[in-house]
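Hey, can you work out the whole structure from these sequences and the hints?
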Amino acid sequence: MSDHNPSTVPLLAARGLVKEHGRTRALRGASVELGSGEILAVTGASGSGKSTLLHCLAGIVRPDEGSVAYAGNRLDQLPEKQLSELRRTDFGIVFQFGQLIPELTAVDNVALPLLLTGTARKEARERAGEWLERFGVRGQEEQRPGEMSGGQAQRVSLARALVTGPKVVFADEPTGALDSLASEQVMAALVHTARESGTAVLLITHDALTAAYADREVTLKDGVVVSAADAAMGSLGVSQ
Amino acid sequence: MSTRHILLGLLAGGPSHGYDLKRRHDERFPQARPLAYGQVYTTLQRLVRDGLAEIDGTEADSGPERTMYRSTDDGARELATWAGEIAPPAPFVTNEIFAKLVVSILAGGDPAAYLLAQRTAHMARMRELTAVKTSPAADLATVLSADFALNHLDADLRWMNTTAARLTNLTAEVDAA
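If you read the sequences in order, they're chains A and B. Counting from 1, one number per residue, gives the positions in the first sequence under this note's numbering. Counting from 241, one number per residue, gives the positions in the second sequence under this note's numbering.
Source of the hints: derived by calculation from the structure; they are not laboratory data. In this text the structure is predicted, and so the values were computed from the model without any measurement. It is possible that part of the hints are untrue.
[Unchecked claim] Here are a few chain B residues that face chain A, going by a calculated C-beta distance under 10 Å:
#, residue
1, His362
2, Arg367
3, Ala371
4, Thr374
5, Ala377
6, Asp387
7, Asp394
8, Leu397
9, Arg398
10, Ala405
Even glycine gets a Cβ: it sits at the ideal position worked out from N, Cα and C.
The following block contains the structure:
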């Protein structure tokens, strides 16, 4: 399925992930790889396990079975403290609703991950301002999330996810709450910036127009990855 | 598509000759089939015959002499009428994907596998079109035509996704019976 050279270690590799939420089995043996700098779309119907897969890959939840390797090391076996540290330094996360802190201005929201990793406040705010500019929301620095449009707020969320220079950005339906033009601006900004900085992106979406910004797509169905390559050739089942 | 109206539209900006009209058509409609010179000249002659365009002298800019054409007032009215007419929304769409799916169901094939493979081909084309329209070199005409193609492919995909879900439900009902 992967276009990447099998001899190189993928940046992120999940094998046979199983995860249950109560009596619901969200993942039933899902496997996926993300190459360094690759933009991968994970698509599928509602309830197919997309968000659970993202949470397992980002180390937010641990799978019941299977493994997640980041740069060749087992993520699912790391102690919580190291996992938190890794999430702060190497991962950036964007959700459907940006989940910005409503009391903070745009620039302070973006500066927050830098402050958490020990950057001085003045420098953190300067770097946050630069990232807001890269995402085309310069001029909104002192506005609070409630004073911005959905598209602007989502670009602030992207700036916050990328400000620490992560190796991977996890984006869970980043355009789900936006109209078509705002979606396009958010995706164009994300893809342009990710390519410029060599950041890999795992993009969860049910929207094909959004998925088309990725290098490659995998589709989840009932908690496993299905691919056209595995399907029978030809609709009449004629082997070719 | 009405070539005569598109040529009238291109002439609305001022007099032009056949070669220039062909070049501008291909620029403005980058995803469409390029116009053949023969078709341009035949259409221009018909526009003149019908009083919608007229010959406006000749031009020879360090090359062969070219006949210039310009739109008449009747041509401008005809263009305005056509541009404002509502295109009839297609009541049903006949399409190769739809036909193949129906045949696959009739012949006891594997329509779900076909839909998955077709989806992969659609997504590959949508990635190409997205790359075209997000390229720094893309002009407005390119973006608009890529958007048009992308949204139609997206409509196909939505139908394919719904159909795949219907097939899954139907199979489950048959299995449970």
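Checked hints:
Look at B/His362: its Cβ gets to within about 8 Å of chain A, closer than 10 Å, so that hint holds up. Interface restraint check for B/Arg367: the shortest CB-CB distance to chain A comes to about 5 Å, inside 10 Å, so the restraint holds. Using the Cβ-Cβ criterion of 10 Å, the hint placing B/Ala371 at the interface with chain A is satisfied: the shortest such distance is roughly 9 Å. Restraint check, B/Thr374 versus chain A: the minimum CB separation of about 5 Å is within 10 Å; hint holds.
Look at B/Ala377: its Cβ only gets to about 14 Å from chain A, farther than 10 Å, so that hint breaks. With a least beta-carbon distance of about 9 Å to chain A, the hint placing B/Asp387 at the interface is held under the 10 Å criterion. With a cut of 10 Å, the hint placing B/Asp394 at the interface with chain A holds, because the nearest CB-to-CB distance is about 5 Å. A least Cβ separation of about 5 Å between B/Leu397 and chain A falls short of the 10 Å threshold, and the interface hint therefore holds.
Checking B/Arg398 against chain A: minimum C-beta separation of about 8 Å stays under 10 Å; hint holds. A least Cβ separation of about 7 Å between B/Ala405 and chain A falls short of the 10 Å threshold, and the interface hint therefore holds.
When the structure is compared with the earlier hints, a violation turns up for hint 5 alone.
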